[in-house]
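Please build the complete structure, drawing on both the sequences and the hints.
If you want the building blocks of each chain, they are given just below.
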Amino acid sequence: MNQVMKPGRSVGILGYGAYVPAYRLSTAEISEQWRDGSDRLFLPVKQKSVPGMDEDTITMSIEAAKNALNRSGLLPEKIRAVWVGSESHPYAVKPSGTVIAEVLNIIPATLAADLEFACKAGTEAMQAAIAFVGSSMGEYALAIGMDTAQGRPGDALEYTAAAGGAAFIFGPAEESIAIVEGSYSYVTDTPDFFRRSYQKYPEHGNRFTGDPAYFNHITGAVGALLDGLKLSPEDFAYVTFHQPNTKFPEKVARKLGFTKEQIRFGLLSPHIGNTYAGASLLGLSDILDHAQAGERILIASFGSGAGSDAFSFMVTDKIKGIAGKAPLTSEYVERAIAVNYGKYARWRKKITLE
Amino acid sequence: MRKVAIVGIGQTPVREHWENNLRDLAVTALRDAMEDAGVETVDGVCVGNMLSGALSEQEHLGSLIVDYAGLDGVEGMKIEAACGSGAAAIRMAVKAVASGLMDAVGVVGVEKLTEFSGKFSIASLATAADADYEITMGLSFVGINALMMRRYLHEFKYDKNDFSIFPVNAHHNAVQNPNAMFRYTITPAQYAKSKMIADPINLLDSSPIADGAAAVIVVAEDHIQRYQGKGVSILACEVGTDTVALDNREDLLWLKGVERSVKKAYHVSGLSPRDIDFFEAHDAFSIITAMSLEASGFAEKGKAIPFAEKKGISIQGGLPLNTAGGLKGRGHPVGATGVYQVVEAVQQLRGVMPEAIQVKKNNVAMTQNIGGSGATVITTILKKIE
Amino acid sequence: MDIPRYWRLKSQRYRLEGRKCLDCGTLSFPPRLVCQKCKSRHSQPFEFKGKGKLYSFTTIYQAPDRFDDLVPYAVGLIDLEEGVRITAQITDILPKQLEIGMDLEMVIRKIYEDGNKGPILYGYKFRPIMAAQN
Chain V
0 MNQVMKPGRS
10 VGILGYGAYV
20 PAYRLSTAEI
30 SEQWRDGSDR
40 LFLPVKQKSV
50 PGMDEDTITM
60 SIEAAKNALN
70 RSGLLPEKIR
80 AVWVGSESHP
90 YAVKPSGTVI
100 AEVLNIIPAT
110 LAADLEFACK
120 AGTEAMQAAI
130 AFVGSSMGEY
140 ALAIGMDTAQ
150 GRPGDALEYT
160 AAAGGAAFIF
170 GPAEESIAIV
180 EGSYSYVTDT
190 PDFFRRSYQK
200 YPEHGNRFTG
210 DPAYFNHITG
220 AVGALLDGLK
230 LSPEDFAYVT
240 FHQPNTKFPE
250 KVARKLGFTK
260 EQIRFGLLSP
270 HIGNTYAGAS
280 LLGLSDILDH
290 AQAGERILIA
300 SFGSGAGSDA
310 FSFMVTDKIK
320 GIAGKAPLTS
330 EYVERAIAVN
340 YGKYARWRKK
350 ITLE
Chain Y
0 MRKVAIVGIG
10 QTPVREHWEN
20 NLRDLAVTAL
30 RDAMEDAGVE
40 TVDGVCVGNM
50 LSGALSEQEH
60 LGSLIVDYAG
70 LDGVEGMKIE
80 AACGSGAAAI
90 RMAVKAVASG
100 LMDAVGVVGV
110 EKLTEFSGKF
120 SIASLATAAD
130 ADYEITMGLS
140 FVGINALMMR
150 RYLHEFKYDK
160 NDFSIFPVNA
170 HHNAVQNPNA
180 MFRYTITPAQ
190 YAKSKMIADP
200 INLLDSSPIA
210 DGAAAVIVVA
220 EDHIQRYQGK
230 GVSILACEVG
240 TDTVALDNRE
250 DLLWLKGVER
260 SVKKAYHVSG
270 LSPRDIDFFE
280 AHDAFSIITA
290 MSLEASGFAE
300 KGKAIPFAEK
310 KGISIQGGLP
320 LNTAGGLKGR
330 GHPVGATGVY
340 QVVEAVQQLR
350 GVMPEAIQVK
360 KNNVAMTQNI
370 GGSGATVITT
380 ILKKIE
Chain E
0 MDIPRYWRLK
10 SQRYRLEGRK
20 CLDCGTLSFP
30 PRLVCQKCKS
40 RHSQPFEFKG
50 KGKLYSFTTI
60 YQAPDRFDDL
70 VPYAVGLIDL
80 EEGVRITAQI
90 TDILPKQLEI
100 GMDLEMVIRK
110 IYEDGNKGPI
120 LYGYKFRPIM
130 AAQN
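Residue numbers (numbering that gives the first Met the number 0), protein chains in the order written: chain V, 0 to 353; chain Y, 0 to 385; chain E, 0 to 133.
There may be inaccurate statements among the hints.
[Claimed, not checked] Below are the DSSO-like pairs computed for lysine-lysine, each with C-alpha atoms no more than 27 angstroms apart in a straight line:
1. Y:K255 x E:K36
2. E:K36 x Y:K300
3. Y:K159 x E:K116
4. Y:K382 x Y:K262
5. E:K52 x Y:K118
6. V:K77 x E:K19
7. V:K93 x V:K349
8. E:K95 x V:K199
9. E:K48 x V:K65
10. V:K65 x E:K36
Worth flagging that the hints you see were computed from the coordinates, not collected in a lab.
Take a look at the structure:
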């Protein structure tokens, strides 16, 4: 096992912000549409978030980043990198970060690439930001995980493919509300879920996405992290995982020795579905809305293909009063305008017009 | 400045002219006006048009129409002021003749809106608004007028259906106008059920997309005996402007462009609202009719509807309005409309309208042509010459 | 799509950048080179905060070509708290729930996509306020 990753100088989160669209499609609706309701007792989540017609990964990232900036109190020009991890970047060539950086007035002295690693693209952005600040190349960096996931109509994943995510500004530990104690990334070539270029919808390996993929990589990353930091599950106040449905994060928490108490904040998939690259980041954002100084947080993502990034954060007393400076994660989760399947199909362009 | 008059008029029917092209429509109207006036040539031609470039891929209308009208070598220019292009062209002719620079000027307003699908025409018409800040944001031209109507209803507390008085009147008159596009009546009940285009504006609030051309011959009033057509005096033809974008207006519910235009027109003519016998208003939308009556000094602000009800806007009423159908009933071939309004006023003042729509007290007419949502307003006052 | 024109306006579309007259303080949006009030040519950029009240609105049922797939959608006149009025779409609310006087805030959304191949135009829209706690 390699060493836990720690940056050259200590870094942490200065500001964070969430975004989830307002619209919701109930899984009962989808079940009714495709299976005449025959599987309505076995639905993976209650409902999922649906982006409006005028929303995409860029617009959503802009709002999450604005929330993060407001919480951090930083002048935007001080940020030197804007990295966005997503499976649904609006352009295949032209980084989402360029628009976000322009809107927020972070331009022009900044980096702005798009990242992709399925549902862990957001935590990959976090690793890059930690390394960037940690190496002193820049004082502040913005990492975003955001998605407007597309589910193939009638497919099992359609029940959960949702939209949302969160943004984090990393900077020196002395200014942080939560300091990075260490991270561990665990990656193998495991094709549990993927999408070839020019295909509209992904392929997935059904049960193969369980043990060989999700569980193996998360337990691999978290195990190595705890080992390396000499920590046990009881040392954490909160823990959040990638949440493709309700069962997987609950199961992996149990497997790793965490209690139901520890996952009481951050488990949002039952209400908003799987927000892909935004999922574990939204979990972290929800936790930070409630965390107090001295509490320790574990976050472990999972991206198909496959890999997991695990981080341990220690909350500082600078967190006091920060949550209220932008809408809470729960406010985004709770605002809900119901749409029916037809409206969702029209908005998500599942009905082709040509 | 010498006085000017109109001695010839011409107009094509207003409809979808599938089989006629832009230049032929213009030439027909212009030559008809010249025949009416009894002239073989003119000193200049002013062409009023808005969308020849966008829809017919043709600019340079001045020289094109002068050539095709057989007026070899004569001065010709296109004048554009959105939907006010027609009267703007008349204004240019008035300036040329009043100043003594020219003796006889032909004005032709022409528009062909049906070259493209409806959606593209709608998009082109929207170029009358602020491209970068109104249209880019998704506002349609009807939407712009709807913003005014909604606020008007909110502030002055009318029911939306109270506005039906204007389109009902317009259609009633259009039935008798052989050149009108819509020759059928509509009822308040039909108005109430009509399809929404941009809430609260419905289909029957809005003038239709159409093609047409109309023309007048403007000459020095001192010379009218030289001409065959019965002369009508132009007492005033004055322009007022306001911001193009609605959001930059001082008062959303006051057409300052109209106020500025009529103020100059009343001053130049020495007249006031009570001297006007009938009014050809720019009823592109019923809300504009109402607001025009107010800013032109006929009704108090917010009181156009009770004014219309009380004073009477029918042919027999106290202020006959849109006597040949207006934009709503006769049609609105955008760049030509302003000239149609003047042509109809001349017919009224000459006493040659069909009986059912001939205004009895026909001494002084006012026509008003508006570009955009009130950014360019041209008010023309005409008087019968005994 | 006319890319230079679309690119040139990004400060206005992304950050509500208008101008402030240096002689009389009058604010303008869109930015004006000549002050509407005192006609001075001396001005500097001014960023509006994006908070305002709904002054009027309409629901568009027949839209220009490029907005056709959004129909029906609402467009309004919003009075920004700095005293300037702006035209924008209203989003995240059903058109029939709109009321004159509502408090709104600016968000950045997709204005339109130039087909499948052209650029995506982003810019301001307004939605009912989703304020922070404090």
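Against the structure, the hints come out as follows:
1. Y:K255 x E:K36: Status holds; Cα separation ~16 angstroms.
2. E:K36 x Y:K300: 25 angstroms, holds
3. Y:K159 x E:K116: Distance ~43 angstroms between Y:K159 and E:K116 Cα, so the pair is violated.
4. Y:K382 x Y:K262: 18 angstroms, holds
5. E:K52 x Y:K118: At roughly 31 angstroms apart (the allowed maximum being 27 angstroms), Y:K118 and E:K52 break the hint.
6. V:K77 x E:K19: 26 angstroms, holds
7. V:K93 x V:K349: 24 angstroms, holds
8. E:K95 x V:K199: 34 angstroms, violated
9. E:K48 x V:K65: Given that 27 angstroms is the threshold and the Cα spacing comes to 13 angstroms, the pair holds.
10. V:K65 x E:K36: Roughly 34 angstroms separates the two Cα atoms, so the pair is violated.
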